[in-house]
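Residue numbers (this note's numbering), protein chains in the order written: chain A, 1 to 188; chain B, 1 to 188; chain C, 1 to 188; chain D, 1 to 188.
Hints in this document: simulated from the structure, not taken from any laboratory. Fair warning: there could be bad hints in the mix.
Any copy, or any two copies together, can satisfy a pair, since identical chains are not distinguished.
Taking lysine-lysine pairs in the DSS-like style, the calculated list, with each CA pair at most 27 Å apart, reads [stated by the list, open to error]:
(1) Lys-43 <-> Lys-57
(2) Lys-44 <-> Lys-57
(3) Lys-12 <-> Lys-36
(4) Lys-57 <-> Lys-16
(5) Lys-36 <-> Lys-65
(6) Lys-102 <-> Lys-12
(7) Lys-2 <-> Lys-102
(8) Lys-102 <-> Lys-57
(9) Lys-43 <-> Lys-154
(10) Lys-2 <-> Lys-65
Protein chains: 4
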Amino acid sequence: MKPAIIVVDMVKDNLKEGSRHPVVLEGRAILPNLQKLLEESRKKGFPIVFACDSFLKEDFIFRGKDKFYSIQGTEGAEVADELNPRPTDTILPKRRFSAFFKTDLAERLRGLGADTIVVTGITAEVCVSMTALDGLCHDFYVIVLEDCTSSQDKERRQSCLNLYRNSTLYPLLRVMTLSDFLNEVSRG
Amino acid sequence: MKPAIIVVDMVKDNLKEGSRHPVVLEGRAILPNLQKLLEESRKKGFPIVFACDSFLKEDFIFRGKDKFYSIQGTEGAEVADELNPRPTDTILPKRRFSAFFKTDLAERLRGLGADTIVVTGITAEVCVSMTALDGLCHDFYVIVLEDCTSSQDKERRQSCLNLYRNSTLYPLLRVMTLSDFLNEVSRG
Amino acid sequence: MKPAIIVVDMVKDNLKEGSRHPVVLEGRAILPNLQKLLEESRKKGFPIVFACDSFLKEDFIFRGKDKFYSIQGTEGAEVADELNPRPTDTILPKRRFSAFFKTDLAERLRGLGADTIVVTGITAEVCVSMTALDGLCHDFYVIVLEDCTSSQDKERRQSCLNLYRNSTLYPLLRVMTLSDFLNEVSRG
Amino acid sequence: MKPAIIVVDMVKDNLKEGSRHPVVLEGRAILPNLQKLLEESRKKGFPIVFACDSFLKEDFIFRGKDKFYSIQGTEGAEVADELNPRPTDTILPKRRFSAFFKTDLAERLRGLGADTIVVTGITAEVCVSMTALDGLCHDFYVIVLEDCTSSQDKERRQSCLNLYRNSTLYPLLRVMTLSDFLNEVSRG
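Construct the complete structure from the given sequences, taking the supplied hints into account.
Shown next as structure tokens:
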């Protein structure tokens, strides 16, 4: 397995300290696990991609009830300080849900020698799922790390991830815990 | 609302009469609703698109436990007879989950004057969800018709659709029943 | 070199016997070379793709002075009888100039094991060039066979191909004659 | 006409003062015309997009004889100082020839209300042509400004642009001078 780590939408607007928004609270709750994942991945030389919403205010998705967030060029669209991206990481602005949509992510991943993507971040049922399933469509093995992804509450996250456990897509798509993933890659 | 109807993967391999496979049984169970939807949509002149898996045996998705199905050029990849496509309908072979993936569906829909897609078919948690969310990404309003879509069982379907009810994507993305949809369009 | 042969827009509407249209006359003039190319390629097991315009009448490109041609579902959009496609060949309907535009050609070629595309057909300065340069963009080596491609006259064809001879893209992109290509592949 | 101005690959690596490379010399020669175009376009409120090669060293196109240039994250991949981009302009990193390839340019242009792209920059026969023809494929009217585009020499530029003058794509695709364009838009 040659994994690349994809961290979806862990941007400042989604992780504001002190906010009581459920997406923020749940998102902040996975920060320690993500920090551990990044630390171990750096030791092993796995490439790391921060895929970050980078919207325009005119974007169609803001015609619903969503407030503006993660707008291109604003601080809110930057990776959260807690995750401390390095110059060797890839920052990939994305315009819609999937990190593959209108981006060159598939080409980059192949350039980096990856055959597997490890998808993490928020939210499980939209951007994480879309990136995971789109990864399959681009011929990558996919692992979703359940305790490194979140939604507005834990029931919703589980309900979403349960759809992809033991599905017909297994083992091309697997849902795993962080510790199971780290065990698997440490075994080589 | 200028809707186009998208019928996902209602192909012969997924709907074989007599099969006991849960996807087939659940898929056949929505045939009457789909027939009604198509009949009413034809009366109103809504464009109809049958998006049909059209795989190659070498495709990555067959490296898991899935058996070959809906293979390009085979009868199994054709729209099920029960849905009786007309020459004015669009048959759109697709190579992966979303009907928008490596196809010209967005361009076609704009050519047809549609601003809304009504997504139906199988399975709720993979091809239907991906097509629905991808539709949003291509700037279409999206309606998923819950009683015109299926999965391997009803719990899984509900569990999936519940993720998108009253989400932050509402009302860009709505989950509705067939009769609510028909009422809404008959009110004009 | 693992070449795949791409035959661009050699469809009935572009090759009507008896027509005096310059594109038709020049297109028919390359039929014997294309027949030879296909025959030799079949002997060697090179995959063959017929990329064929498959337009809708509403398509933007018909808002200029072009008359309707190669319309989806019409006989005019079929591969010319003289080239006699086999069931093992790939017929790839395309919606715009490049054979890669909104199609799965790159994925198919990788599935077929090709690392090089050999581009032929009409017209040199639009669909052939676009397909050739797009092939480079999708990380394939590209050969344009000068005597298997045509335009509305030979000067225009040469003028176009001269732009890509000994350019900075060489040797990723090469312009060759049919006989040079056949010599190169027969040497192994 | 609602034009957007696309300036292709006018990056520092392509425009180094003092260089004797023919692409640089010819590129620098169009700077005054581009400055005039940008000034007039700003007065009229036309959106301006700088589409800039943003390569990785591993990219396929460097497997030929091209030296590394316009590498992502380097100063050489920035817009040339002489063109002085403003915060309201769009800087669009691109990974291949066409400014539409794996980018969201088409969506952005629609968001900006543009129906026409005015293509300028370097080089005429590769990135400018590809962007122009790809613009047509994305349903935009296209104008190539002949005296705002360059190649390694003027003959090659002319030879390329002549292919698209009075072609069957006219008037969807037009080749014009800067002054003709400014006259046309000042007439309203």
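Status of the hints after comparison with the structure:
For the homomeric pair Lys-43 and Lys-57, the shortest alpha-carbon distance between copies (24 Å) is at most 27 Å, but the shortest distance inside one copy (39 Å) is not. In this homomeric assembly, Lys-44 and Lys-57 come within 27 Å of each other (Cα to Cα) only across copies, at 22 Å, whereas the closest approach inside a single copy is 39 Å. With identical chains, the CA atoms of Lys-12 and Lys-36 are at most 27 Å apart within one copy only, with a shortest distance of 19 Å there and 40 Å across copies. Within a single copy, Lys-57 and Lys-16 get their C-alpha atoms as close as 20 Å, which meets the 27 Å cut-off; across copies the closest is 36 Å, which misses it.
Proximity of Lys-36 to Lys-65 under the C-alpha cut-off of 27 Å is found in neither arrangement, the shortest distances being 35 Å within a copy and 32 Å between copies. In the homo-oligomer, the alpha carbons of Lys-102 and Lys-12 lie at most 27 Å apart both inside one protomer (23 Å) and across protomers (26 Å), since each shortest distance falls under that limit. Taking the shortest alpha-carbon separations for Lys-2 and Lys-102, both the intra-copy value of 24 Å and the inter-copy value of 24 Å come in at or below 27 Å. When the C-alpha separation of Lys-102 and Lys-57 is checked against a cutoff of 27 Å, the pair qualifies both within a copy, at 18 Å, and between copies, at 21 Å.
For the identical chains of this complex, Lys-43 and Lys-154 are neighbours neither inside a copy (30 Å) nor across copies (44 Å), given an alpha-carbon limit of 27 Å. Proximity of Lys-2 and Lys-65 under a CA criterion of 27 Å is satisfied inter-copy only: 21 Å between copies versus 40 Å inside one chain copy.
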